[in-house]
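Participant: Note that the protein sequences, when read in sequence, are chains L and D.
Reading the first sequence from the start, the letters are residues 635 to 726 in the numbering used here.
Reading the second sequence from the start, the letters are residues 45 to 473 in the numbering used here.
A couple of the hints might just be wrong.
As the list claims (entries may be wrong) - Here are some chain D residues the structure puts well away from chain L; computed CB gaps all over 12 Å:
#	residue
1	Val77
2	Thr136
3	Ser207
4	Ser220
5	Asn223
6	Gly227
7	Val228
8	Asn244
9	Leu287
10	Arg375
11	Gln408
12	Lys454
13	Lys464
14	Arg471
Unchecked claim - Distance condition first, Cα-Cα at most 25 Å in a straight line; then the derived DSS-like pairs of lysine-lysine:
#	chain 1	residue 1	chain 2	residue 2
15	D	Lys443	D	Lys454
16	D	Lys293	L	Lys648
17	L	Lys648	D	Lys443
18	D	Lys443	L	Lys660
19	L	Lys660	D	Lys285
20	L	Lys660	D	Lys293
21	D	Lys293	L	Lys682
22	D	Lys211	L	Lys660
23	D	Lys405	D	Lys285
24	D	Lys126	D	Lys107
25	L	Lys687	D	Lys81
26	D	Lys285	L	Lys687
None of these hints come from the bench; they were simulated from the model.
For each residue, glycine too, the CB sits at the ideal point set by N, CA and C.
Here's the letter readout for the chains.
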Amino acid sequence: MSTMTMEQRLALNKYEVDTEAHIRLKQDVCLQCEARSCLYVCPAECFKEREGKISFSHEGCLECGSCHISCGPEAIEWSYPRGHFGVSYEYG
Amino acid sequence: MKESFDAIVVGAGPAGCAAAYSLARAGLDVLLVERGKFAGVKNMTGGVLYGPVLNNLIPDFWKEAPVERHVTRHVITLLSEKTSLSIDFNSTGLDESLQDGYTVLRARFDRWFADKVEQAGGVVITGVRVDDLLWDGKRVVGIVAGGDKIPAGVVIAADGVNSALAKKAGLSARLSPENVNQGVKEIIRMPRELIEQRFNVSGDGGAAIHFLGFCTRGVHGGGFLYTNRESLSLGVVVQLKALIENNLKSVELLEGFKAHPTVKELIKDGSTVEYSAHLVPAGGLGMVPRLYTDGLLLTGDAAALVLATGRSLEGSNFALASGMAAAETVRRAREKGDYSQETLSHYAELLSESFVLQDLKRFQRSAELLENQRLYSVYPELACSLAEKVFRVDGDPKKTVWQLAREEMKGRVSIWTLLKDALAARRSV
Ligand SMILES: Cc1cc2nc3c(=O)[nH]c(=O)nc-3n(C[C@H](O)[C@H](O)[C@H](O)COP(=O)(O)OP(=O)(O)OC[C@H]3O[C@@H](n4cnc5c(N)ncnc54)[C@H](O)[C@@H]3O)c2cc1C
Ligand code: SF4
Ligand code: SF4
């Protein structure tokens, strides 16, 4: 089996993406953060680093909770998506 | 819908379904609320469901529930970079009633269980996220969901590891990168006959394989492979702290695991159809919060009731048993017409009498002992390289296994460290 890109992985799942993000990032806090744990712990690679800045997109989120537990500076306002929205597993 | 309920259960995983089913069957007015479109669509587990607890609640559940296979082969496999060494326990010859682990796919299993709640007379609503608790002073008196306030005598929080309700009530388990593990998993579709041939199982029999070593590149965690009817569940579980400290991503570990020569052969000709992630509270008793307050009980992962030992990861039956104990507590409380914490303290008594708190106590030191890095690196490598030497016939004069072992240990681990670790393992495995 060949390796898959994250886009290919996430495309296997079914999502109903809410227009409203269920996770919010205080990007100014990230500027001061050295650990940048979110880049490693997010299994859907929702956090990206570019030119020293962290950006976040909620679309591929697998709703695990790793980011808020691992973010030392508490830059993340976290909740599950509203009912109905987000990822739905067929197998689980 | 009713204006008010005896009890509202939040979350339709094993804890919530077991609680709501027990209450509905006892004749209470119960509402079960689940945020997923259907029960189960948000949930992922390894997973083996150990049967006896559910069997007490629903006798012979496995005859009607969508379980995948009953586990007839338990395998532990140590991985070095290129080789592997396994212990393979095969119980095909035992009576079926003794083979009580079932592989399950939660999207199917939880939906069945939520349907059972409905059949027993409970009200189930899905696609609704509970946003808050309803308070009367310091007493929980219901929930808030989508702007609606729904009152109830008591609320049972069964909303899983990231429990928002426990947080709102100030009862959260202390989640930290040290005591939480991340699981990522693929469902790999494979024809039934191929699974049976390759994993040496037949009929409804199945294999549960746990891996240690190279699957996590030697950091705190492990790998798993379970056979379902027509698919494999393959994944790795890694401590969050280990990911952060080593700048690793689970998905990279998963790819490496799949590319290992031993694993590659096992998944060959399969196709990946789903990718999922979920957390497991793995800190043991030390992270379990206060389990109740006035009008509220915490169950399952929401209360971090998971047993992680060097031997296994068990959460489903802890969730089921705590859900059942919560229901029993609520049933008694309703008879008294009193949901104060004094009455609800019966819950803690029930859990102390059951395996839930007894196992967590017995394995209290597991979390600490599982921090030993040698478990994930030195020992799996040592075992594999020793096996390689033992099985190699190269024309040179032979050495005894003991001589080979001493040679392999050199530079890796001292005999004293090995003995110390072995003694410590007595208490955690
Ligand atoms: C990778 C992995 C492998 C595992 N392997 C095993 C195994 O082999 N054997 C085993 O016994 N255990 C295993 N476990 C542990 C086991 O899966 C859990 O302990 C168990 O699922 C906990 O059940 P629960 O009902 O407490 O929580 P969950 O199953 O997480 O259910 C919580 C439910 O609440 C819902 N919910 C959450 N918030 C809200 C809200 N605000 N409003 C409405 N609904 C909400 C969720 O959608 C979900 O349906 C594993 C776990 C993982 C992650
Ligand atoms: S770990 Fe937290 S603070 Fe640091 S970059 Fe990530 S989100 Fe920002
Ligand atoms: S909840 Fe999990 S998947 Fe979603 S952004 Fe956070 S770490 Fe990534």
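Participant: Determine for every hint whether it applies to the structure shown.
Facilitator: How the hints compare with the structure:
| no. | hint | result |
| --- | --- | --- |
| 1 | Val77 | violated, 9 Å |
| 2 | Thr136 | holds, 26 Å |
| 3 | Ser207 | violated, 10 Å |
| 4 | Ser220 | violated, 7 Å |
| 5 | Asn223 | violated, 9 Å |
| 6 | Gly227 | violated, 9 Å |
| 7 | Val228 | violated, 5 Å |
| 8 | Asn244 | holds, 22 Å |
| 9 | Leu287 | violated, 5 Å |
| 10 | Arg375 | holds, 28 Å |
| 11 | Gln408 | holds, 22 Å |
| 12 | Lys454 | holds, 34 Å |
| 13 | Lys464 | holds, 31 Å |
| 14 | Arg471 | holds, 28 Å |
| 15 | D:Lys443 <-> D:Lys454 | holds, 16 Å |
| 16 | D:Lys293 <-> L:Lys648 | holds, 23 Å |
| 17 | L:Lys648 <-> D:Lys443 | violated, 57 Å |
| 18 | D:Lys443 <-> L:Lys660 | violated, 63 Å |
| 19 | L:Lys660 <-> D:Lys285 | holds, 22 Å |
| 20 | L:Lys660 <-> D:Lys293 | holds, 23 Å |
| 21 | D:Lys293 <-> L:Lys682 | holds, 13 Å |
| 22 | D:Lys211 <-> L:Lys660 | holds, 21 Å |
| 23 | D:Lys405 <-> D:Lys285 | holds, 24 Å |
| 24 | D:Lys126 <-> D:Lys107 | violated, 41 Å |
| 25 | L:Lys687 <-> D:Lys81 | violated, 35 Å |
| 26 | D:Lys285 <-> L:Lys687 | holds, 23 Å |
In this structure, the earlier hints numbered 1, 3, 4, 5, 6, 7, 9, 17, 18, 24 and 25 are contradicted, and the remaining ones agree with it.
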